[in-house]
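Colleague: So the sequence lines, in the order shown, correspond to chains V and Z.
Quick note on numbering that gives the first Met the number 0: the first sequence kicks off at 0 and runs consecutively.
Quick note on numbering that gives the first Met the number 0: the second sequence kicks off at 0 and runs consecutively.
For each label pair, taking beta carbons as the anchor points, the in silico distance ranges come out as:
#1 V:Arg149 with Z:Ala475: 48 to 54 Å
#2 V:Lys143 with Z:Ala120: 30 to 36 Å
#3 V:Glu416 with Z:Ala120: 51 to 57 Å
#4 Z:Arg338 with V:Leu477: 53 to 59 Å
#5 V:Asp353 with Z:Lys69: 16 to 22 Å
#6 V:Asp355 with Z:Ala493: 49 to 55 Å
#7 Z:Gln61 with V:Asp438: 54 to 60 Å
#8 Z:Ala111 with V:Arg439: 37 to 43 Å
#9 V:Glu269 with Z:His205: 53 to 59 Å
#10 Z:Ala121 with V:Gly114: 21 to 27 Å
Hints in this document: simulated from the structure, not taken from any laboratory.
Cβ atoms here follow ideal geometry from the backbone N, Cα and C, with glycine treated the same way.
There are 2 protein chains.
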Amino acid sequence: MTTDTAPAKPAKRASAISPTRSEDYAEWYQQVIKEADLAENSPVRGCMVIRPWGYGLWENIQHVLDRMFKDTGHQNAYFPLFIPLSFFEKEAEHVEGFAKECAVVTHRRLEAKPGGGLMPAAELEEPLIVRPTSETIIGASFAKWIRSYRDLPVLINQWANVVRWEMRTRLFLRTSEFLWQEGHTAHATAEEAHAETMRMLDIYEHFAHEYMAIPVIKGEKCSWERFPGAVNTYSIEAMMQDRRALQAGTSHFLGQNFARASGIRFQTKEGGEELAWTTSWGVSTRLIGALIMAHSDDDGLVLPPRLAPRHVVILPIYRNDTDRERVLQYCRRLSEELRGQPFGDGRIEVETDDRDIRGGEKAWYHVKRGVPLRVEVGPRDLDAGVVSVSRRDRPAGERRAVPHAEFVAGVVGVLSEMQRGLYERALAFRSANTREIADRDEFQAWYGAPDEGREAHGGFALSPFADDPAVADALAPLKVTVRCLPLAQTPRPARCLFTGRPTDRWAIFAKAY
Amino acid sequence: MTTDTAPAKPAKRASAISPTRSEDYAEWYQQVIKEADLAENSPVRGCMVIRPWGYGLWENIQHVLDRMFKDTGHQNAYFPLFIPLSFFEKEAEHVEGFAKECAVVTHRRLEAKPGGGLMPAAELEEPLIVRPTSETIIGASFAKWIRSYRDLPVLINQWANVVRWEMRTRLFLRTSEFLWQEGHTAHATAEEAHAETMRMLDIYEHFAHEYMAIPVIKGEKCSWERFPGAVNTYSIEAMMQDRRALQAGTSHFLGQNFARASGIRFQTKEGGEELAWTTSWGVSTRLIGALIMAHSDDDGLVLPPRLAPRHVVILPIYRNDTDRERVLQYCRRLSEELRGQPFGDGRIEVETDDRDIRGGEKAWYHVKRGVPLRVEVGPRDLDAGVVSVSRRDRPAGERRAVPHAEFVAGVVGVLSEMQRGLYERALAFRSANTREIADRDEFQAWYGAPDEGREAHGGFALSPFADDPAVADALAPLKVTVRCLPLAQTPRPARCLFTGRPTDRWAIFAKAY
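All chains, full assembly: derive it from the sequences and hints.
Modeller: So, in structure tokens, the structure goes:
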């Protein structure tokens, strides 16, 4: 242990997140984001500013997913931000689903207003919708590109911003503008398109487990939770620390609905003409909200090491210029030794923070930003050949003196262990807060009343389910929704808790974001 | 030389670009884009679809520039797509400059129209401008982030889409929506901000020379060509094969104009309060237009190898199943040997094209897409231990038999030589089409009439220049513009050709895109 100089043990009370999770989970979430400099509200209603630390996370998410998409044969392309109203109207369910939240461009210039200021001028002949999703505009290109079965499959992905006007917004979770990727593919047969839908769902699951360290349940959405215009929608559902569900990604089998709307036809091997079968699938900056809520604690952000923009921060400690020179030189060497090492999909990223601020304040700065490892180096550590290591997955005040060489040789192992630990903790939490419930009273108690010391609701329920809108009506007063019908289930005959209808499929129910 | 099988020598007449450059340069440009599958017009007026081959180019451009920005201390972030009208109005020259080309969002939903169809509904209290550039919205964040000199400099970059409504559009060169990066920085002193402006201009120059293989002239824009609201604007200017200029990147010293508009103030070391000094700088998908027009020929796209999405395409040739197996196995081995090799900022990218189409057609497909090296492999090549190599910078029918090992060992060298060759050719072309002109009649003849067999205009003129709007008026009938005042010049007293005023600064004049 170092016994050095600056007050390196963070002064708990002053600097942790206020309120705590148990005091006010929603406000805790906002404060974690604020204290970690991840994002902030902008002057534009419902639109956020993603700050460099938050954007660095998004870049890492992009980097990993982009590689997975390319490894499975997809290519990136870019399609217009605007969709003519007439295109959007082509698929009836689709337009119905998005009409209430469309930003509409109606003019193409500004003119002086009598009395000062400016006003919109030069009205467009046809209003343009700012894309909420791009099935219809990409469909127009597919219709041009695809002539014959030889042109199929077409496997496209787009990284883009989209706009869905939201009245109540929350950073990352629900914003009017958000960043996402949207995959769009066209195939010759229903089977191929369905296989693609499932393949991309598998990729999302893999990404959630291996990179986000979040266990997810893969399943099919019930009829009223489907993407507008889809035949089937599948999702991955995660549990947050307040036991609510968060839909972290979706993959849609669109059948021939959008092919019909856009005229995506192809000549078959036999010389006939058929409509193509299409899919779409996407994840968004919402994943960052999921990360925050799945792992962070009352000290601030906790990041899974495989997605952290920085893995190690080195904190030099010294009192005078002589020490300063020695310590900084040592830090440079340490940094070089760490930086080269491969980890995850890239390399260990190291920062040395030599700003002239109090040691405690500095340590808290990095705790709250979720940097996985903090390494303090003072003159005595140097003499003893050790470094003082603090792990973000342990209490903020805990430090361990580790011999220099051991730390350097073991750093990838420690980060991997932390990654695994986060996943296991999240999985254990979900297991502890999921219950199989085949009885309506028990279901009601699980959500409607305090249960075994838990506040407000119990978490996930796995219950028999019949796909009938009456279920949605019965759930509404409880503010509970059907999350998905897990793919990993064997038929077990039972009765739907809400309609009494016999069924052999079970669904995950939860309060949700 | 192979004497194999499929008609591997491309049938010139049938497949080259029509028209040629000399027949109709503008139409040739469109056809090169079409035949290379780079992009296409979309159903949305003025917006383009960037197809995978074009987007792959953009990804490579992004990858290289992003690294350069990060290496110079910049961080990426993301700001809203929409700018409230009132923000936009804060800087008078700025809004004046962009008012005529703004897409304006006025409504936030769609409603059923009496008689069928949909119409915009729920009018916004304040119209939102789709960002044409983000100085004002980013300024609002900077004003929040910056409190003290300790917070400076702030060095931010954003990769984003922007919209500037254009009535006459051309793929990549001028589109209503385009993709770009916009750097935005804030500094404590004018000197630092100016140094940043020049540093980024240098990065753009370096990128143009080393990656795009395009020589550029770094210079300052004259007063009427400045970015609206800037104190100084600098650009890099390139010459296309029709001798017109293309502005390929700009860097702006914004003084305190935007800091004043957005309230970006900081406490100085001495305890006073000052406005920050800001810069902005950007390049866009226009660079792809520059690439096409600088290097391509009458056979189609020519790509500088360091930015090509694929460096080598292997074309297997066989007549029967026995040959097929041997040839494909050999191609796989060759591909593996090439693929691992580092080149430019990444590795050699290889594709094997085993589609069942005619050999000539297949070769032309890759010629027109600008793949730097085509390698044909047939059974006799295999037996002889050679591959048949065609370089995109040589005539389409030219092939050379190269021993397998020599080709694998030399591929990086060949690509580097091709990269250098493209630059040198472009530089020689520019030199041959640039003239120092200090006489108005000569200037007029250079632009106004056929000159030495060249059509329409001579290219760049370097002429004495006084910064007076009368110059713009005099140039208008010639359709010539002031491109920039080159930074690399020593004062040479002369008289401005158009105002007769004495000056010691010279400018580059040209017809321009």
